[in-house]
Amino acid sequence: MQQHPESAPGLGFAAPGRVRAEAIAPFGIAVAAALAAGVLAALWLPRLAPWPLSLLLLLGGSAVWIGMPRWRWLGAFAVGFAWLGLIAGMVLARQLPADWEKRVATLSGQVLELPQAEVRRTRFMFRVDTDATQPAPLRGRLLQLAWYDDFGAHAPGPRTALHAGACWRLSVRLRAPRGLSNPGGFDAEAYALAQRISASGYVTAPHEAAELAPGHGIDAWRERLSARIAAAVPSASARYLQALALGDTRTLDDRDWRILRAAGLTHLIAISGFHVGLVAGAFALLGGGLWQLWPRLGRYWPRHQAAALLAVLGAGGYTLLSGMALPTVRTALMIAVVVVARLWRRPVRVVDALALAAIVMLAFDPLAVLSAGFWLSFLGVAWLAWCMPVAGSGWRDKLREFLSAQGVATLGLLPLSTMLFGQASAVGPLANLLAIPWWSLVVVPLALLGTALEALHAGAGVWAWRAAAACFDLTWPLFAALGESRFALWWLPEARDWALPLALLGAFWLLLPRAIPGKPLAALLWLPLFWPPLERPAAGEVELVMIDVGQGLSVLVLTAQHQLLYDAGPAIKDGYDAGERAVVPALHALGVARLDRAVISHGDNDHAGGFEAVRAALPVGLAEAPAGAPVRVDRPCLAGTAWEWDGVRFRFLHPAPGFPYLDNESSCVLRVESAHGAMLLTGDIGEVVESRLLRQAPQDLRAEVVLAPHHGSAHSSQAAFVAATGARLVLISAGEGNRFGHPRPAVVARWQASGAEVATTPQAGALRVWLGRAGLQLRERRPWRARLWDAAERARAAAILSASERTAERAGGLRRVGTGQGRWLADGAVAAVGRGRAGDRAGAVLEPAP
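Each residue of the sequence shown is one higher than the last, beginning at 1 in UniProt numbering.
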């Protein structure tokens, strides 16, 4: 592919004599890349560097950046590293203090952004006032709140009065940001850090809430315009126009997002940089037109300068109107750079504008790198700036340029989008080929024209909105069919972090000019990302993965060629579904394409709620649950039922035929046994069934790995049962700080006193256990992928006192489990032992209102 002659040098491929003047060298593309690399390096650390060290590094790096031209990239790297550390440290320090956890506080503040109304709750961002009447730890803090309907009510209630920009006095119960930790899962704590959220919580007394002032400001205006679109456009496409014109995606449902993701169109449906460019161009034309109508204006201000300034004002205003989405900010900054250069009568290349925009963005908000939009936006423009061919004047040349841009965008961004989202759209190139010209050149301009007219006079923009909706409806059925086709999405297992740089290098190689040799070999660099090696057990060995689902249970059991799911986590009607949000992404990330068998231990929501989402996402060979359980399955689980996979034997121990359905006490108890040991999956059984199993077949309870019954409740894990198992490792799935107090400290202590090591999902995240020739091994997700924003890891690190534990802790998450009296280090990765103590639990999702 031929490079643009003015773009290639900007990436550092020109001879030294052709580099741009020294005056702008401190802000070139190489410096911007080094700054971003420094920010990423700081984020890679498991914990923050001391702030005095970061401050010294910031000052020293700035001096090198400014005063040592040959080493500016090193100075920029140091500045990025230090600046991220300082900003992240300040944001984390502003999170809710431990002594305020679960306390009820009465606060006054303002509703920010657009409230998200759902079936049984409204979610919204709330900025606490800074006056002295507010609690000191919460003044000026940003909170993520939910307003639930009153229990027993059949109508939404007073939460419908929430509007953007309004000021309220609310009583809320708060918690510091927490999230689940799973393969392929959404990182809620990283999101909270990036958005500077200090706490999450819910309104405790809706009837006492008081509105102090009506909605005002940009967000309130956006909300009103969005309501006008909904009223003016009768078709279902109104919700898409709200997203295209105003960045309001609140009315898009799960099906809409599934289609958009599968068709690779999510970057078009929300406001993008192209929208900002259209608005800037319209304002520039408006300015030019005004100067043509009144030539005397040129005496006071040259026409081209006025048009350029109006373009910046239009871009900036529309960026504010769209909610400051990252692609719009990037485009507005690039336009500002070009305009300033033009006012100073200096030429500027695309890569220079892109570099300066990135530097300004990182200086203003280094935490933006935690957003996928930052990387997709800047890297997409960088690829296009470097690889776009020179267009001719004919329509064939224009068409060739458009198709080339599609190929560059698809090929260049595929590795990054795959790493970020764990999936690739097989129909995306075709869908984008059709959607980009039609939506960008027809639908979006009409939607923006309607918005502009409506802002001038109520009702003036209705015709343009309806025309945009009609044009959108012409193509949406095709995209919906593509997105819902069987082969639309390609799910990929979770790859190692180093696979992304290799894949990007492969894309770079493929996009080099045609004369570059060895291009077919570049595809080999994609293999670690698109076909990563899967850690599957050998024949006769077994692997267990306890997925972090909060207060619930979901366990995946793997043999060499088969996979079984035991429970699927909780689900809230019309709300959070762990099956969809945690279990299915984890299965995809682990390379599971189908389930040979699914066992739902019993019908309680925290075990069975997510199963329908799992069944909808993956084929399930055989589903079992206790007889009488309110779960749609193929047959009941019965004691004595047994089968063998790949040298591993499975057998149900409970319930017996004829046993009545008694909720927890009817849980399917499954024994998994190999030549290397056994695992016992117990569901929610209590002391009654434990005693029954002790009487009937105590020898079947002997196991190296045991799932603590009923999340470690006080009515389970009696002493005789604990002794009969002889467990070396006990796994407990629970929600951090759950209202049931699971696991109970006495239960944890009982297991530990027996010689077992205890691992819990709130503290360790997803737990991965191998039982095979190498012995019994455990990998804890949080220590293995420790990040500075992980609250559980920060709390654990603060609790480590001995030097030996500090040394062991640094290495990560895989260890060989012994008798609880010592450690065996494997692959240089060790985690502290026996961390299931009471009070030592620090991370999961905020539960819904009790």
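A hint or two may mislead.
Cross-link-like lysine to any residue pairs, in silico, SDA-like; alpha carbons within 25 angstroms at most [stated by the list, open to error]:
id : residue 1 : residue 2
1  : 102       : 131
2  : 102       : 252
3  : 573       : 186
4  : 519       : 426
5  : 573       : 632
6  : 573       : 477
7  : 519       : 416
8  : 102       : 64
9  : 519       : 536
In case anyone wonders, no lab produced these hints; they're calculated from the structure.
Just so you know, these numbers come straight off a predicted model, no measurement behind them.
- Those earlier numbered hints the structure runs against, lowest number first: Those not satisfied are hints 2, 6, 8 and 9.
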